[in-house]
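There are 2 protein chains.
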Amino acid sequence: MTEQKRSVYAFGGGTADGSADMRDLLGGKGANLAEMARLGIPVPPGFTISTEVCTHYYKHDRAYPQGLESEVASALARVEEITGKKFGDPENPLLVSIRSGGRRSMPGMMETVLNVGLNETSLAGLVARTGNERFAWDAYRRLIMMYADVVMEKGAGITPKGGKGIRRLLDAHLGRAKQKKGYQLDVEMTAEDLKELVADFKRMVHDTLGVPFPDDPMEQLWGGIGAVFASWMGRRAVEYRRIERIPDEEGTAVNVQAMVFGNMGDDSATGVAFTRNPATGENTFYGEYLINAQGEDVVAGIRTPAPLNKASANELSSDLPTLEHLMPELYKELDAHRVRLERHYKDMQDIEFTIEKGTLYILQCRVGKRNGVASVRMAIDMYEEHLIGEKTAVLRVTPSQLVELLLPMLDPKAEQSAEPIASGLPAGPGGAIGRVVFTAEDAVSWAEKGEKVILVREETSPEDVDGMHSAQAILTSKGGMTSHAALVARGWGKCCIVGCSEVEIAEDETSFRTKGGVVVKEGDWISLNGTRGFVYEGKLPLVPAELHKNEHYARLMELVDRFRVLRVRTNADTPKDAAQAIKFGAEGIGLFRTEHMFYGEGGEKPLFILRKMIMAGSEDRRRAALDELAPHVKRDVKATLEVMAGRPVTIRLLDPPLHEFVPHDKDRLAALGAELGVDSSELARRADALRESNPMLGHRGVRLGVTYPEITETQVRAILEAAAELRVEGHEAFPEIMIPVTCTERELAHQRRIFEEIHNEVRGKYELEELPCLFGTMIEIPRAALQAGKIAEVTDFFSFGTNDLTQMTFGFSRDDIGGFLPDYLSQRILTSDPFQTIDQEAVGELIELGVTRGRTARPDLKVGICGEHGGDADSVEFCHRVGMDYVSCSPFRVPIARLAAAHVVLKED
Amino acid sequence: MTEQKRSVYAFGGGTADGSADMRDLLGGKGANLAEMARLGIPVPPGFTISTEVCTHYYKHDRAYPQGLESEVASALARVEEITGKKFGDPENPLLVSIRSGGRRSMPGMMETVLNVGLNETSLAGLVARTGNERFAWDAYRRLIMMYADVVMEKGAGITPKGGKGIRRLLDAHLGRAKQKKGYQLDVEMTAEDLKELVADFKRMVHDTLGVPFPDDPMEQLWGGIGAVFASWMGRRAVEYRRIERIPDEEGTAVNVQAMVFGNMGDDSATGVAFTRNPATGENTFYGEYLINAQGEDVVAGIRTPAPLNKASANELSSDLPTLEHLMPELYKELDAHRVRLERHYKDMQDIEFTIEKGTLYILQCRVGKRNGVASVRMAIDMYEEHLIGEKTAVLRVTPSQLVELLLPMLDPKAEQSAEPIASGLPAGPGGAIGRVVFTAEDAVSWAEKGEKVILVREETSPEDVDGMHSAQAILTSKGGMTSHAALVARGWGKCCIVGCSEVEIAEDETSFRTKGGVVVKEGDWISLNGTRGFVYEGKLPLVPAELHKNEHYARLMELVDRFRVLRVRTNADTPKDAAQAIKFGAEGIGLFRTEHMFYGEGGEKPLFILRKMIMAGSEDRRRAALDELAPHVKRDVKATLEVMAGRPVTIRLLDPPLHEFVPHDKDRLAALGAELGVDSSELARRADALRESNPMLGHRGVRLGVTYPEITETQVRAILEAAAELRVEGHEAFPEIMIPVTCTERELAHQRRIFEEIHNEVRGKYELEELPCLFGTMIEIPRAALQAGKIAEVTDFFSFGTNDLTQMTFGFSRDDIGGFLPDYLSQRILTSDPFQTIDQEAVGELIELGVTRGRTARPDLKVGICGEHGGDADSVEFCHRVGMDYVSCSPFRVPIARLAAAHVVLKED
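First to last, the sequence lines map onto chains A and B.
Using the working numbering, the first residue of the first sequence is number -1, and each one after it goes up by one.
Using the working numbering, the first residue of the second sequence is number -1, and each one after it goes up by one.
Simulated from the structure, these hints should not be mistaken for laboratory data.
Some clues are possibly wrong.
As the list claims (entries may be wrong) - Derived list of chain B stretches under chain A, where covered just means 3 residues or more per stretch with a C-beta under 8 Å from a C-beta of chain A:
1) 744 to 757
2) 770 to 782
3) 801 to 811
4) 816 to 823
Stated by the list, open to error - Now the stretches of chain A that chain B is said to cover, found in silico as 3 or more residues with beta-carbon under 8 Å:
5) 336 to 343
6) 821 to 830
7) 838 to 849
The C-beta atom is built at its ideal place from N, Cα and C for all residues, glycine as well.
Sequences are here, hints too, so could you generate the full structure?
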């Protein structure tokens, strides 16, 4: 054994072969079971087959490594020794569970088989030892149902005759059997009923799948192990990993563990607990349990679970007896384990436990999922409790959890005057609006068409993961705070209400009716308040989250700013956005788009003048229109510069192709024609001359500034005069003029001459010694990145425009990717949308080249990024690594960029 | 002097400071004058002020280096010594010419001043020595006219009062003076008339320019030198350099040389000669001369010059006496210099000579411009005469000269049945058609609008260079084979007819009338045969040149192929083009575009099926249409593979966005709808769904192959079956399948799986052991170039698609550059159109990276280029240097690519 590489690691009886730091080899579950065993926590004994076996299995056409069989045999013998039971024994039989366990949690994505080891022989022993014939036959019945489905059908890749899955056939038969006897619940079935059922099941399994149910315990064991490995490549698991970006190569471990039963009577129970409240972050023990039940019953959300203690009670469960009340000693023991585990792991733990006839077992512990609010609170609380250091506190909150705090919520004012049509458990905070769909498939296909949808289901299952991901929010009528829907939504930070029993979904799944009689049909709009659990009819307005009220957030961001090096600016075009961004911690504006002033409120007048300029037809007329436009530009720029109070403001000169501004409706065209004294056919001719085949690569940006230098002149003058006026009035102002769409340094030399001329002119006019203003360029064209050395010689700063750079580096028009990007992602030709996260391979190489060459030519070159990537955590980390000075993103992404900028520094340590 | 850097180089009297290899320092003219002086050729003595002085002049705000004045003084003294004359002397005055002379010839682009040193005092001496008062006063009159224009007005940058140039004022006054006396010609003016004229001129110069005409000879000398340096940055010179891509930094030298006079009577003459015929390449002495004239009279084309000898006579000049006949001794002497110079320089020389009172002087010699046909012939003849080696012969012909041989000509059949409306001198070979314009400005502006124009003028001047460049061809009614128009057209290989005296241009320059009475108005089409000198009304068809009849070409290409390493393929989509290309020496097809079959002859049926496929709406229907399409594709591919007879044929799979194929007219749409059983609104909806904002970056190329794998399958199957059938029939076939628009290796892995599957299937079907076919990709997206290492792992070859690569690297949509590219070129923001010549800075860097990374991953990777750059000489050289295996270009560019590929090897030596 010592010579050969070990494949099996035992745990239990106060000792273990593995430990918590062997997660890669044993998976999360296996490593934690080993760790708990070493800590003396009462875990049922068992053993873990390592992830390396999974890798071997897939590399060698689903064959096991040599020696595995004997390793498993010895490990099993050790479990028999600790428990005093024997596998397949007719007197005191050992039953085992077989569970998956990857490096990272993939809840419900892989398979589990329970009660393995039961057959007609060992069943007699189980009856004898438990004195509970009904329990034993029920266990056998459960084994057959689960095994036939998981191992015999899915694991073997068998397509059942008739097309229906064996699980559904058996379920239907169980239903009919209960009906025949007039039973409502499974528990009403007697031992005799179950014996009959088992016989039927075995026959049906043989008929449907073509092979008999195996009665040999060892065959059951190996079948189960194989099924777990096979489930790693099951459709659901592969999909989940795609969403979560987990590589296929990691593989899963398999955990084989002695069974304990929470369903052996009223002195038995099973439950799930969190060492702190995963929804709020409060430091209170939180959990749910069911008396006389198996663990799967809690997670499946079929029965409403009872609260562990008062603090865990909610609207649905507040009448149910707490475990603290019902079994005070066991509760105390559980609470002691809770404290022990959290101190040991220094993080909130999610614990599964079972009480078998008055004895407490811990079946699993792992880092508990939490929503963003809870994550921030726990990080700060644990830091203040000295459980973790400040670096750990900062690293504990992921950027995507922080996103949740910034998620929009329903407008409280609108909510006050609206009446909820139903309420349920607040499983995922924030607000959401969307159109109701009832199936995961619809959620996916509607969302692909650009619809915002809310997925409404009785309960969700792992099959629904794709649809849940596509939906704005999830609403279930059943299940508790630890149900599948709640768990998944919590992981994603998605708005979610569960256990909303006031909602009744129609059989045909095209509408639901509330207790109050409101009928909501497929496609109708509803609004959810996931923080409070309220459902409203129609579309309520969404407003930004009230971050400033969250003091834990404020303390976290204080810590964050201690570590980050990268500066964070915002993209803002209005004084309002600028002010908002400052609240979020923006240190400047990285992108102020001059063209913004032509849209929205107050934009009609300047837009009209701009259109006159565009359609002018001669330089004189163009200059006249520009002169008219100048005061508008100056006013606009000045207002934002003033709000930014001396922080740098990068102002990009006119960027889009002129044709974008040409009016399409007849009235506007007529008004324009009248103003210009030009008839409609001439106007149409001019508009037509501006139309382009590929406007993204057309006559825009600096190309306009070169062909119409007067456009650059006017803008530069307006910006510099705005800054000069502020300085004269005693304010600070620090504009940075940015030229877009550059491809050669000569364009910049041309524009810089204009800039310097106007700069002199304005300084003279306002009698200013100094009028600070940088002159720089976007780097958004591949050629500009490659020629950065030359470009740096005529510029003070670079701002990487990664949207356009991605478009041109990939040859993807962002407006036109709908036809192929979904296929590219689903077939993994691309691992992520390059417009969301910077493609570090190629676009990243151009950026690195650009930064390096630019800095070589001009060591003090200021370098930043604007565009949506500036608010994407991975991209922010990339920007830090290539040595940028700042990132710029939309106001709401500023905190995320700050956090990501701190993370990358801490990860470098 | 020895310590300080020398600025002035003397020549004459059988010796010289400089020599022919000092062209960079002395300019072409200066270096050759020095060389000739050393050879004992009778050049009038003089000195050259070096190009370094020009550089200094522009670097130091138009100031001269220290010491220049004294260097000039000593050099002038030496000239006085050799000639025995004195500058400004009242008895035997020395007169000098001041001429520009850059490293490369820029004919007529810079300024010249003659007769410098004349004033009232020295004039008396000139009269005394020559005994010719009229000649002396005429020389003085010429000096004033030229000096006032070149030095006092242009050189000083003075804007004359009233806006008219001084030259025009003086010309007009001269005209009036002649009229008053009833004279027709200048020569009729008497000494007295000229004295009066000189007095008037001096007054007019003073009045108009505000300063008196300088009578101090040294002031005249320095004024002339300054004007020549100033003319280097004159508008005409700058424009010419832009077209010829000569850097501004080279500068010009200034040559000051003792005047000799061809206009001192009937024993004086001036002329231009070529050591071989520059229009045909024949090894016969060729030239023209004028008795009693100055050199400028020959070039200006005002009088029809006489032929040097019988071989130089043409239709206009055959009645005039030859120099050989008139002055046999001098002709013999000239012919001896001709032989001496050609043997010495080992290339055809262009010689200017003057005979002053029976004494022959050589004023200049330089490598003579020649057209393409002559260039090829001279190279081969000189090689066969053992004057030059084979490498020199190959290098002697430039790619653009070879272009001329490939220029289209008027269809001989059409010409037979057409009647010329006029005939003139065949100054530039080839055929051309275009609309008549009468000014250079119109030629430029019409051409910018996409019109083909022919510039018709009495004679051309350096002011017309831009317009001549824009025109398809040039037609002049005056001037000979050495006139400005002939010289310029010859340099550019442009179709040109000069001296077409049968054409009379109307005064208002809106029409011309032929001797036969045909009136051709502005905008009318005419056709020129520049090889024969015929003008036709209307548009005659153009046909390709009959290259195969040119045996010198064939012998040249034999030499060429000895040196080149790069292989040359062609872009061809039809068997006809393929056959044509083989004749031009193509070694394979580098780009066969499958979509070509849907256009043009016989394309209607497959296009209809393609449209059915595009609008199918479901995979089943799409597959059905593809099955219908397959035989058409197979037939098309097979025919071309057969013609290529085993040479490699790269077949690109469907490239354009599908929307490009959607019909626009109602009838076609209706037919399509009927076939598909779909109503027009549904059809419109589907067509609309295919429309894209930026189709160039849209759903095209491999993106179609990924989303609709059946499209790839069908094409691959058709290609492989075509090859298999040929093999079965006993032919060779070597297809290479090429995937377009790739941006990641995963796209290729996806397509390669399909390729391999179909390859196996087709091999099986045709029972073939071997079915050679490579699988490769276009590298036309920046990301693909950067990721070439990974891409090479799944491909056998790369073909750089530099058209698209340029579009994306620059962010230029080729269809939309009209709005700014002209400004970019004229303002020198770009030095050349990147779609004509590869941008070696950035696009070139991506290509180099792509080749290096690709070859690192797969050393045997085949690398080529397709797209129009493959036929551009500079780009071909670049492709060789980065290590490509082949270039591919249109059939007519194949010989050019072959030549360029040989040149780059020879230049590397």
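Now for the hints, and whether the structure bears them out:
no., hint, verdict
1, 744 to 757, "holds (count 3)"
2, 770 to 782, "holds (count 4)"
3, 801 to 811, "holds (count 8)"
4, 816 to 823, "holds (count 4)"
5, 336 to 343, "violated (count 0)"
6, 821 to 830, "holds (count 6)"
7, 838 to 849, "holds (count 5)"
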